[in-house]
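All chains, please: the whole structure from these sequences, using the hints.
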Amino acid sequence: SQTIHQWPATLVQPVGSPLSLECTVEGTSNPNLYWYRQAAGRGLQLLFYSVGIGQISSEVPQNLSASRPQDRQFILSSKKLLLSDSGFYLCAWSVRLSNRGRTDTQYFGPGTRLTVL
Amino acid sequence: ILNVEQSPQSLHVQEGDSTNFTCSFPSSNFYALHWYRWETAKSPEALFVMTLNGDEKKKGRISATLNTKEGYSYLYIKGSQPEDSATYLCASPMEYGNKLVFGAGTILRVKS
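Chains P and F, in that order, give the protein sequences. Just so we're on the same page, this note's numbering is the position in the first sequence counted from 1, plus 18. Just so we're on the same page, this note's numbering is the position in the second sequence counted from 1, plus 178.
Hints are computed from structural coordinates only; laboratory data are not their basis. All of these numbers come straight from a predicted model, not from anything done at the bench. Among the clues, some could well be false.
[What the hints assert, rightly or not] Straight-line C-alpha distance at most 25 Å; calculated SDA-like pairs for lysine to any residue:
id, chain 1, residue 1, chain 2, residue 2
1, F, K236, F, K256
2, F, K256, F, T197
3, F, K220, P, V113
4, F, K236, F, Y254
5, F, K220, P, L65
6, F, K236, F, G194
7, F, K220, P, P128
8, F, K277, P, V78
9, F, K220, P, T46
[Unchecked claim] Where chain F lies over chain P, by a calculated footprint (3+ residues, C-beta under 8 Å):
id, region
10, 55-62
11, 120-126
Glycine included, C-beta positions come from ideal geometry on N, C-alpha and C.
Take a look at the structure:
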């Protein structure tokens, strides 16, 4: 069966410090991978999307970046955190089963609660 | 830009009550509508994926309907139980791929 891991579970970082959040998927190959953020009082916002190693699509301009060094590894990074980066970060994966993937279910990890002080 | 809206923002019901809430989306260029349930301290979990106008899906006491012509979907919970307490999210894929745009969610709290 497939599983998705995220770490750390919680993180408190000062403004201006770097960030690295990691997501790994087990039990599947060549998944589509996603990073979402939920800011306080808001819905899930798609940040990055990847269809393969080294292929990253950025959805929202920001000071975050993502990388996919291996097929089942997705990393979210920042060189200098802002207060506005606080939120709950979710990683998700899907496998393309349908035409253009629009009905593919996404499976979410446990998330990381990031607080920037 | 695709805009997916959900109402109400939150809902408090008594155990045994039936409830429903709404997801609205643009009716033009519709592809699919996803419903997820997000319980506290857990990951969002897929409930339904709906594509056809008039579609109705059911999973236990939870059901959903879809009206693509007017751009809405209803989620119904029959005989709410405390374990139904969660945030219910709907999402629709962007026109150019399988990237989902999520609504802000409806927070349901069921009191015993």
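Checked hints:
1. Between K236 of chain F and K256 of chain F the CA atoms are separated by roughly 11 Å; this keeps the pair inside 25 Å, and the hint holds.
2. Simply put, K256 of chain F and T197 of chain F have alpha-carbon atoms about 7 Å apart, close enough for the 25 Å limit, and the pair holds.
3. Restraint check for K220 of chain F and V113 of chain P: the C-alpha separation of about 21 Å stays at or below 25 Å, so the hint holds.
4. A C-alpha spacing of about 9 Å is found between K236 of chain F and Y254 of chain F, which places the hinted pair at or below 25 Å, so the restraint holds.
5. Under the criterion of a C-alpha separation no larger than 25 Å, the hint pairing K220 of chain F with L65 of chain P is consistent with the structure, at around 20 Å.
6. Between the alpha carbons of K236 of chain F and G194 of chain F the distance comes to roughly 18 Å, so the proposed pair stays at or under 25 Å and holds.
7. Taking the CA atoms of K220 of chain F and P128 of chain P, the gap is about 6 Å. The hint holds against a cut of 25 Å.
8. Between K277 of chain F and V78 of chain P the alpha-carbon distance is near 13 Å, which keeps this suggested pair within the 25 Å criterion.
9. Restraint check: the Cα-Cα separation between K220 of chain F and T46 of chain P comes to about 21 Å, which is no more than 25 Å; the hinted pair holds.
10. Coverage of the region 55-62 of chain P by chain F holds in this model, with 4 residues showing a Cβ closer than 8 Å to a Cβ of that chain against a need of three.
11. Check result for the region 120-126 of chain P against chain F: holds, 7 residues qualifying (beta carbon to beta carbon below 8 Å, three or more required).
Hint compliance for this structure: every hint is met.
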